[in-house]
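Number of protein chains: 2
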Amino acid sequence: MGKKISFSCPMPEFDFDTITLAHGSGGLLTNKLLDQGVFSLFSNEYLDRQHDGAVFYNEGKLAFSTDSFVVSPIFFPGGNIGDLSMNGTMNDLAMCGAVPKFISLGLIIEEGLSVRELWKILESIKGISDAFDVQVVTGDTKVVERGKGDKIFINTSGIGVVKKQANIGIERIKEGDRILVSGNIATHGMTIMSVRKGLEFQTALESDTQYIGDTALELIDNFGSDIKFLRDPTRGGLATVLNEIAGKLELSIEIEEALLPILHESKSACELLGLDPIYVANEGLFVAVVSPEISGEALDFLKQNEKCEGAAFIGSVTSAYPKKVVVKSAIGGRRIASMLPGEQLPRIC
Amino acid sequence: MGKKISFSCPMPEFDFDTITLAHGSGGLLTNKLLDQGVFSLFSNEYLDRQHDGAVFYNEGKLAFSTDSFVVSPIFFPGGNIGDLSMNGTMNDLAMCGAVPKFISLGLIIEEGLSVRELWKILESIKGISDAFDVQVVTGDTKVVERGKGDKIFINTSGIGVVKKQANIGIERIKEGDRILVSGNIATHGMTIMSVRKGLEFQTALESDTQYIGDTALELIDNFGSDIKFLRDPTRGGLATVLNEIAGKLELSIEIEEALLPILHESKSACELLGLDPIYVANEGLFVAVVSPEISGEALDFLKQNEKCEGAAFIGSVTSAYPKKVVVKSAIGGRRIASMLPGEQLPRIC
Chain A
0 MGKKISFSCP
10 MPEFDFDTIT
20 LAHGSGGLLT
30 NKLLDQGVFS
40 LFSNEYLDRQ
50 HDGAVFYNEG
60 KLAFSTDSFV
70 VSPIFFPGGN
80 IGDLSMNGTM
90 NDLAMCGAVP
100 KFISLGLIIE
110 EGLSVRELWK
120 ILESIKGISD
130 AFDVQVVTGD
140 TKVVERGKGD
150 KIFINTSGIG
160 VVKKQANIGI
170 ERIKEGDRIL
180 VSGNIATHGM
190 TIMSVRKGLE
200 FQTALESDTQ
210 YIGDTALELI
220 DNFGSDIKFL
230 RDPTRGGLAT
240 VLNEIAGKLE
250 LSIEIEEALL
260 PILHESKSAC
270 ELLGLDPIYV
280 ANEGLFVAVV
290 SPEISGEALD
300 FLKQNEKCEG
310 AAFIGSVTSA
320 YPKKVVVKSA
330 IGGRRIASML
340 PGEQLPRIC
Chain B
0 MGKKISFSCP
10 MPEFDFDTIT
20 LAHGSGGLLT
30 NKLLDQGVFS
40 LFSNEYLDRQ
50 HDGAVFYNEG
60 KLAFSTDSFV
70 VSPIFFPGGN
80 IGDLSMNGTM
90 NDLAMCGAVP
100 KFISLGLIIE
110 EGLSVRELWK
120 ILESIKGISD
130 AFDVQVVTGD
140 TKVVERGKGD
150 KIFINTSGIG
160 VVKKQANIGI
170 ERIKEGDRIL
180 VSGNIATHGM
190 TIMSVRKGLE
200 FQTALESDTQ
210 YIGDTALELI
220 DNFGSDIKFL
230 RDPTRGGLAT
240 VLNEIAGKLE
250 LSIEIEEALL
260 PILHESKSAC
270 ELLGLDPIYV
280 ANEGLFVAVV
290 SPEISGEALD
300 FLKQNEKCEG
310 AAFIGSVTSA
320 YPKKVVVKSA
330 IGGRRIASML
340 PGEQLPRIC
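Residue numbers (numbering that gives the first Met the number 0), protein chains in the order written: chain A, 0 to 348; chain B, 0 to 348.
It is possible that some hints are incorrect.
Unchecked claim - Here are the simulated DSBU-like pairs of lysine-lysine, each with C-alpha atoms no more than 30 Å apart in a straight line:
id: 1; chain 1: B; residue 1: Lys327; chain 2: A; residue 2: Lys31
id: 2; chain 1: B; residue 1: Lys162; chain 2: A; residue 2: Lys163
id: 3; chain 1: A; residue 1: Lys306; chain 2: A; residue 2: Lys60
id: 4; chain 1: B; residue 1: Lys162; chain 2: A; residue 2: Lys162
id: 5; chain 1: A; residue 1: Lys327; chain 2: B; residue 2: Lys31
id: 6; chain 1: B; residue 1: Lys162; chain 2: A; residue 2: Lys60
id: 7; chain 1: B; residue 1: Lys247; chain 2: A; residue 2: Lys119
id: 8; chain 1: A; residue 1: Lys162; chain 2: B; residue 2: Lys173
id: 9; chain 1: A; residue 1: Lys31; chain 2: B; residue 2: Lys31
id: 10; chain 1: A; residue 1: Lys322; chain 2: B; residue 2: Lys31
id: 11; chain 1: B; residue 1: Lys163; chain 2: A; residue 2: Lys162
id: 12; chain 1: B; residue 1: Lys60; chain 2: A; residue 2: Lys60
id: 13; chain 1: A; residue 1: Lys119; chain 2: A; residue 2: Lys306
id: 14; chain 1: A; residue 1: Lys163; chain 2: B; residue 2: Lys323
id: 15; chain 1: A; residue 1: Lys3; chain 2: A; residue 2: Lys173
id: 16; chain 1: A; residue 1: Lys163; chain 2: A; residue 2: Lys31
id: 17; chain 1: B; residue 1: Lys173; chain 2: A; residue 2: Lys31
id: 18; chain 1: B; residue 1: Lys3; chain 2: A; residue 2: Lys247
id: 19; chain 1: A; residue 1: Lys323; chain 2: B; residue 2: Lys173
id: 20; chain 1: B; residue 1: Lys163; chain 2: B; residue 2: Lys31
id: 21; chain 1: B; residue 1: Lys163; chain 2: B; residue 2: Lys60
id: 22; chain 1: A; residue 1: Lys31; chain 2: B; residue 2: Lys163
id: 23; chain 1: A; residue 1: Lys173; chain 2: A; residue 2: Lys31
id: 24; chain 1: A; residue 1: Lys266; chain 2: A; residue 2: Lys3
id: 25; chain 1: A; residue 1: Lys247; chain 2: B; residue 2: Lys302
id: 26; chain 1: A; residue 1: Lys322; chain 2: A; residue 2: Lys173
id: 27; chain 1: B; residue 1: Lys162; chain 2: B; residue 2: Lys173
id: 28; chain 1: B; residue 1: Lys322; chain 2: A; residue 2: Lys31
id: 29; chain 1: B; residue 1: Lys323; chain 2: A; residue 2: Lys60
id: 30; chain 1: B; residue 1: Lys60; chain 2: A; residue 2: Lys163
id: 31; chain 1: B; residue 1: Lys31; chain 2: A; residue 2: Lys173
Please keep in mind that the hints were generated in silico from the structure rather than gathered at the bench.
Turn these sequences into a full structure, and let the hints steer you where they fit.
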């Protein structure tokens with residue numbers, strides 16, 4: 000895991016301690032919250048215009064992505080809903096081969112949220128924005144009555160500039176391609192479970208929420224078209240992403256259980272709860288499907304990055320079981336890993 | 000009011016009647032809902048790739064905007080939360096002088112929402128998407144537990160192509176400029192109030208939710224730089240938007256109460272509830288600040304459009320009361336219309 004991004008900015012002296020419905024009215028209190036808080040914190044040439052939207056110039060290919068975040072609890076070991084909402088959408092853009100540039104921030108706040116908690120979340124967002132030169136250029140704040148939301152839900156949408164060298168496309172995947180993951184699996188999901196009400200257990204785990212897209216984009220810089228497909232396996236875990244890939248091809252994906260990188264703590268927790276780690280959510284992780292010719296070199300490249308110390312080769316694309324994901328167990332048996340049929344843990348992100 | 004857009008598409012035979020937490024798991028049920036429902040309904044070259052984001056080419060200026068919609072009730076006379084969430088973001092883009100092109104759709108669904116209601120909402124979104132050639136290109140679906148949301152919240156973010164002739168900027172507003180509105184004020188707000196639990200009253204009112212941006216963009220086509228500023232006065236109403244404008248200038252905005260276009264039904268309802276219509280939310284309406292030279296012609300142009308039959312000149316930019324909005328009453332008195340200090344009605348959009 001890379002080092003955590005930390006940013007703090009003195010909270011303005013608001014003359015209110017909690018968010019009320021009037022902060023969502025569009026009137027004076029909305030303006031106070033925005034002018035004294037959000038706009039001053041995120042100040043940039045686009046946002047400062049305070050129009051209904053941001054206007055920018057571009058020539059070339061852009062990527063556009065959206066994600067809503069409803070994680071519970073909103074603060075957890077290793078991060079909070081603010082970190083998730085930036086990292087998540089920025090990672091999605093990078094998975095399209097794009098450098099994230101602009102973010103929109105849509106807040107749905109439950110009446111009663113403390114302004115201090117809101118500020119902490121906004122600070123996290125600002126920290127990531129600064130660290131990776133991604134600007135929050137437009138936004139929206141709504142407030143719902145107590146009991147009609149859950150503290151805060153955040154939507155981020157993002158625009159990124161697609162790298163010229165990027166040639167990402169599921170249709171480019173061929174038999175023989177290799178599957179790499181950028182680090183340990185199941186860390187985020189098991190962290191959230193460890194602090195979820197009614198399920199708490201003691202662990203040293205911290206969420207892997209981070210912007211990992213920069214590393215994915217460096218892979219593209221170095222290996223161009225040999226990086227055929229990228230995806231971050233969040234909700235539903237590794238197995239779901241691999242199923243989405245296999246389901247769209249006439250090929251199969253075969254992975255080896257023994258090769259899956261996983262922290263000891265996550266593995267123990269999965270065993271304790273009877274969960275299969277390949278279905279557990281990740282946040283700061285990506286899966287890459289790459290040409291066999293460069294797979295060794297690509298893996299070495301990843302492992303040099305402190306964010307990807309756990310990176311590993313986990314399997315290959317084959318033609319043996321079309322449209323299926325097959326897991327080879329440590330003792331040699333094979334099983335089909337289908338889509339997660341039900342719900343493992345709601346509101347993991 | 001223009002005619003309502005109506006679109007219907009047979010609902011697929013889902014093997015579930017209500018949305019459950021598992022539909023937000025990222026697993027099999029999420030995929031069923033998306034593959035059989037959302038993806039087939041909105042099918043287009045961008046969405047069909049089903050990647051983490053949509054990739055498109057552009058050369059020129061783009062506008063980017065976001066809005067979350069939490070309106071209650073989700074179905075109301077004249078529309079539903081789906082109409083609002085398309086029209087609202089598309090209008091925001093048009094207010095930047097941009098033709099809306101791409102929309103992202105983020106759904107936060109409360110467990111227990113009926114699939115039939117969800118489908119109706121999606122049909123409305125699709126209808127508007129088709130009518131104005133705006134594509135839903137990326138999306139996200141989350142489900143929260145019963146009592147942690149309220150049926151459905153929708154975030155739409157949008158990208159539009161800025162018109163070459165557009166020269167919208169608050170700094171371009173000068174003394175003597177004229178203020179036009181595109182139609183009757185307070186219609187949406189009074190409609191929602193008439194069906195809000197605990198507040199119901201009988202009225203023939205229907206929400207004015209509509210994409211009005213096309214008309215705003217035609218103004219730009221016809222009058223170019225003489226259209227100096229555009230804004231849709233949604234939450235907080237006309238007075239809030241005018242205050243936002245005046246607050247950023249060393250000028251004042253003076254409007255005349257007698258000139259404000261308002262339906263008889265809205266006026267009566269406002270009197271009944273003791274509300275000032277200039278603070279009541281609108282949806283399919285815009286305010287334009289225009290050069291005095293073309294204001295008459297611009298108004299005539301608007302009035303030719305059936306969506307803008309109620310269009311009117313309502314006041315001017317003056318230097319008399321810097322940073323203030325002043326309302327001249329029918330009997331000649333003047334009062335300052337400041338920002339709405341509290342909350343008129345939560346969750347109006």
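Distance restraint between A:Lys322 and B:Lys31, which requires alpha-carbon spacing of 30 Å or less: Answer holds: A:Lys322 to B:Lys31 is near 16 Å, not above 30 Å.
Straight-line alpha-carbon gap B:Lys162 to B:Lys173, limit 30 Å: The given pair, whose Cα atoms are some 22 Å apart, holds under the 30 Å limit.
Proposed proximity, A:Lys31 with A:Lys163 (alpha carbon, max 30 Å): Distance of about 43 Å is beyond 30 Å: violated.
Holds or violated: B:Lys163 to A:Lys162, with C-alpha atoms at most 30 Å apart: Given that 30 Å is the threshold and the Cα spacing comes to 27 Å, the pair holds.
B:Lys163 paired with B:Lys60 [C-alpha distance capped at 30 Å]: holds, 8 Å
Given pair status - A:Lys60, B:Lys60, alpha carbons within 30 Å: With a Cα-Cα distance of about 13 Å, the restraint between B:Lys60 and A:Lys60 holds, given a limit of 30 Å.
Hinted pair B:Lys247 and A:Lys119, Cα distance within 30 Å: holds, 29 Å
Distance restraint between A:Lys323 and B:Lys173, which requires alpha-carbon spacing of 30 Å or less: violated, 66 Å
Restraint check for B:Lys327 with A:Lys31, where alpha carbons must lie at most 30 Å apart: holds, 27 Å
Given pair status - A:Lys60, B:Lys162, alpha carbons within 30 Å: holds, 19 Å
Restraint status (C-alpha distance of A:Lys163 to B:Lys323 at most 30 Å): Since the Cα atoms of A:Lys163 and B:Lys323 sit roughly 50 Å apart, the hinted pair is violated (cutoff 30 Å).
Agreement of A:Lys31 and B:Lys31 with the hint, judged by alpha carbon distance not exceeding 30 Å: violated, 43 Å
Violated hints, in rising order: 8, 9, 14, 15, 16, 18, 19, 20, 22, 23, 25, 29; the structure is consistent with all others.
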